[in-house]
Every structure is written in C-alpha cells, then in structure tokens.
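> For this one, chain A is given, so just place chain B on it according to the hints.
Chains as they are written, first to last, in our numbering: chain A, 1 to 273; chain B, 1 to 312.
Bear in mind the hints are in silico, worked out from the structure with no lab data behind them. Hints are supplied without guarantee of correctness; some may be wrong.
Claimed, not checked - Okay, the calculated beta carbon distance ranges per label pair:
1) 34/A - 110/B: 40 to 46 Å
2) 96/B - 198/A: 41 to 47 Å
3) 75/A - 106/B: 55 to 61 Å
4) 126/A - 110/B: 32 to 38 Å
Claimed, not checked - According to the in silico footprint, chain A covers these stretches of chain B (three or more CB under 8 Å from chain A):
5) 179 to 193
6) 199 to 205
To be verified - Partial list, derived from the structure: chain A residues whose beta carbon lies under 7 Å from chain B:
7) 90
8) 106
9) 135
10) 137
Because the structure is a prediction, the values reported are computed rather than measured. Using N, Cα and C, we set each Cβ at its ideal position, and we do this for glycine too.
Here's the letter readout for the chains.
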Amino acid sequence: MAALDQAETPDADTREIGDVLLRVDRISLYFGGVRALNNISFEVREHEILAIIGPNGAGKSSMLNVINGFYHPQEGTITYRGKTRSRMRPYQAAAQGIARTFQNIALFKGMSTLDNIMTGRLLKMHQPFWMQALYWGPAQREEIEHRKFCEEIIDFLEIQHIRKTPVGRLPYGLQKRVELGRALAAQPTLLLLDEPMAGMNVEEKEDMCRFILDINEEFGTTIALIEHDMGVVMDISDRVVVLDYGRKLADGPPDSVRSDPAVVSAYLGVGHD
Amino acid sequence: MEGFLSDIFIAPFVSMWEYPVFLVEVLVGGLLVGVMYSLVALGFVLIFKASGVFNFAQGAMVLFAALFFAGFLEAGMPVWLALGASAVVMVALAIVTERVVLRPLVNQPPIVLFMATIGLTFFLDGFGQMIWGSDIKVIDIGIPKEPLEIHGVLINSFDIVAGVTAGLLVAGLALFFHYTKIGRALRAVADDHQAALSVGIPLQSIWVIVWSVAGLVALVAGIMWGSSLGVQFSLALVALKALPVLILGGFTSIPGAIVGGLIIGASEKIGEVYWGPALGGAIEDWHAYMIAMVFLLFRPQGLFGEKIIERV
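So that you can see chain A by itself, here it is in the shape it has in the complex (with noise of 0.2 Å):
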C-alpha cells in the first residue's frame, strides 16, 4: 500500500496527533424556521478520529454536509488547512481532500466496483480527453497507474471477488466498503464517514472498525465519523462531539463525555439500544 501513504507514515503506536486541520465557527444553518445547526464550533486536528454522535434530528448530517460544502450555513466560518471560508463548494473541498461517505450510500449503481472506485480519482486524471479517447501514450500509462491505485485499494479493503460486479447488485454491508473505497482513492486529508456502520451485523461492523483504524493509523488520514453505536464510537475515536437540537453538548476524549451528565440524559439516558 506504499502509494496510499500521505507524506508521512506514523507507526501505529507513535500515531501523533497533530495541528487543528479544520476548525468550524460559530456555524448556524436554518432551513426556513428550522434550526438545524445553532452556534456550533469545534476542531478536528491532524491525525485523530473525531466521532459526531446524537439522536436523530440532532444536526450530525447537516454538520458533514456544512464541512463538504452541500449546505451553506448562514453564519459562521470554517478553516480548513489555515484557510477560512464562510463556506465550502463540494468540488472545492473535493480538490482540497475531503472526501466522504453518506448515510444511505450514495454509489453508481450502474458501474462496477472498480469503475467506482475510479471516479475516486478523476480530480488526479490530468491527460486532455482526446488523449484518453485514443488511449495514446502518457493517458495509457495515466490510466493504468490509477488502475493499479484502485487496485490496492480493492485489496486493502478486502472486495477483490466483486471487482466486476455492477454495486446496484452487491448486499448493503459491500456497497458500504466499496463507497468508502471510492473515497479512499481521493487519498484523501480528511475522511467524513456518515454512519459506516448503519445496519450491519456484528461481524462487518468489526471488519469496518479494522478499516478504518488502519486507515487512520497507515496513512495518517484524520477521520470524522458520525456513529450510533457507542460501543465503537468508544472504542476508536480519539475524541468525541455531542450535538443535540442542533447545541452541542459535549467536546472532549470518550471517557469524559460518557460521564456527562448533560450526554447522559439528553442522549445515553434515554434508552438507546
């Protein structure tokens, strides 16, 4: 996987959190009278996995969609890599390496594994297209170099036997993988995943923990994770944000926001599975 790395590859104990990499501001979103987000700030820092936790309605989906720029907030600011925009575009903050998943999977249904994980890298493609139409010389070396990415890739995550398969076809934990496969082969800064872990059994949702602490952990990528299971929320986020209503609760490492009485009544204390 040595192309996957980013510039540096922290061993997996000496993994350091860094500098703040993005830092939102005093975000407020309204749709109509509705406040989704009220005066939200946090950071998320180089290296760490952040998890966004909070009941349904909680404004933990609006939060990655402010970040990837799919809504614009109405006030406040975000920094992303020291510099601040009151808000992003999702090409402008594809290009700058955030790269996401979504709750309910947004894939290309029609193509294969492989064809979606290479629409992951077509902000690296660079030949002009007349080039590529003819597969002429530097485009068919371009092309295979990212093929041979997205192969790594398929292996890393372990779905080499659907290479082919169109993703409309694939059971939902799969589709789930080659999503987050897609938004690997961005190599991306920052990695927003929205539920990875949504409906699946125990033994995927073990296999996706694997993943993503390897990810975190082998090419140093910061993580920002949206979960409802606390069992792994606990487990692999280095820090943990609470929102509620659109407020946010609780900032601080697991252990610390699990003891807050605030968290627990407004979140755990109600009878979470």
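Chain B alone, transformed into the frame defined by chain A:
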C-alpha cells in the same frame, strides 16, 4: 373481405419472395433513413442520461442548428467555416441554457425541467426564424445524390454518406463516453448527483458539456436532414419520430438509439411498401408509433434500457 385478408397476410410475402432485390433495396433504404432517426434520438439520450431531463427541445435544436448552418452558407462562408461557426453557436447555446434554464432549476422535479425545455423549444423556433427568416433554405454541401448500383441493388448515395457520418459520430461518442475522464464523470453524474459532487465532479460544467455535445449532434442531424428535406420548420417535427425510436431502444442507451432507429426506419419503409396499399397508404406516418406501443406492452424499458426494479 377475402381480398383484404390476402392483401395483408399473403400478397406482401409473395411479392417479397418473387422480387428479393427489391426487398433488399427497400430494406437498405429504410435502414439508412433509420440512421437519420438515430441521429436525432442520440441527442435525446445524451441529455437524458446525464441529467435525467427529457429534452423536448432536441427537435428545435436540430432546426436551430440547420438554420444557422444554412444561413452562414448563404452569407458566403465556405463549408468548413460555416460548420465551425455553427458549432460555436451550439456550444454558446449550451452555456446559456445551463445558466438561464438549468441552474435556477437545480433539484426541481423532472417534470419542471421538462416544461422548461418546452419553453426552450418555442424560444429556439422563434429566435432562429427571427434571425434567418422562415423561407425554406437549401443546404448543398456537395453530397452526391445519384443512386449507386451495388450487386444489382440500387442505393441512394446520399443515404450512404448519412450512414457513414452517423457511424463515425457514434463511434466517436462511444470512445468519448467510455475512455475519457469527462465520459466517466458524465456517467457518474447520470447515476447519482450527490455522489458525483462528493468526488469533486463540477455538475454545472458537466451539464454544459452534455448540452454542447447534444447541440453538436443536433448540428450533424440538422445538416443531414436539411440537405435531404431542405431547412424548414417541419424539420423540428422530424424529432417526433425520435420518440418511438427512444421507446424501442431505451432512453438511456446509446446503442439502443442506433438499433431503435434502424428498426423503425426499416419497418416503416417495408410496412409502407408492402402493407401500405392494402391499408390505404401513408401508413409511414403512424406505423412507427404503433410499433412503439406494442413494445411498451412487453418491454417498457426498451431493448437496451436499464431495467426498472422496484423493491417493496
């Protein structure tokens, strides 16, 4: 009554058997006309694939492109310059359409976009004729029109040129869609807007590209149809013939548009020649729609369209 039944069920086949050369001529003629239908259908498929919009204005775009091409020729431009200038006009049209029509309607239901393209149809019809007038124009770019004899079969050489042109166009589009970054992005956008945005595909430039390509296809179709029928308002109506082609081939399939066009063209000519007299003639006008209706009963997704599976 007996005579009628025999005219329908016996006489046509007897005559096919007795004059096989004539049958081949009719068939080839029909296939080559079918290629021209495919050209128009292709424009519909491109836009439908990439944006889910049924572009009612495709016919008007054919007329619009043909008007500009004929107009430029009349103004004394050489053919290649007129071709280039009309191509520029079609690309400009794509850019303006994206800005003025599509962008404000992002995320609206398909029916809204469909209505918008109806509006675009009227605009193009009016605007094109306002600039170039409504007289019938002639496009003569030196395509030979004499019949050729190949192994005793008479074939119109214009039809052959049309067929070859369409073939080249389709091959080029197939390469473009399958092997280029833009092609991959187009397929991605067609499949899922949200996912396409998240991997960094700029939706708006993709739309401009699709509409430009559809505009260029319309230009080619306009030149071919214009040379054979003359550039006049009825050219926009030829596009209606693309509807049964689309139903047959599937709205999302480029090969489907080609095969659908060939089937419609061939069956139309054969129907007209062999069954027309018994049914009072001029069945060419509705025959294609009949075939499309029968097809809808058995294969609503078309020959090559994506099968619609609804999970309950």
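> State, for the Cβ atoms of residue 75/A and residue 106/B, whether the hinted interval 55 to 61 Å holds or is violated.
23 Å Cβ-Cβ, so the 55 to 61 Å window is violated.
> Is the interface hint for residue 90/A satisfied, with its Cβ closer than 7 Å to some Cβ of chain B?
Residue 90/A check passes; min Cβ-Cβ to chain B is 4 Å, inside 7 Å.
> Three residues or more, CB to CB closer than 8 Å: is that satisfied between the region 199 to 205 of chain B and chain A?
holds (count 4)
> Using a Cβ cutoff of 8 Å, are there at least 3 residues of the region 179 to 193 of chain B near chain A, or does the coverage claim fail?
holds (count 11)
> Taking the beta carbons of residue 126/A and residue 110/B, is their distance inside 32 to 38 Å?
Once the Cβ atoms are compared, 34 Å apart, the range 32 to 38 Å for residue 110/B and residue 126/A holds.
> Do the beta carbons of residue 34/A and residue 110/B sit within 40 to 46 Å of each other?
27 Å, violated
> Using the beta carbons of residue 96/B and residue 198/A, state whether their distance is inside 41 to 47 Å or not.
43 Å, holds
> Should the hint that residue 137/A touches chain B count as held when the rule is a Cβ pair under 7 Å?
Since the shortest Cβ distance to chain B is 14 Å, the answer is violated.
> Does residue 135/A meet its interface restraint, that is, does its C-beta lie within less than 7 Å of any C-beta in chain B?
6 Å, holds
> With a cut-off of 7 Å, does the beta carbon of residue 106/A approach a beta carbon of chain B closely enough for the hint to hold?
4 Å, holds
Going down the numbered hints, you'll see the structure goes against 1, 3 and 10, while the others check out.
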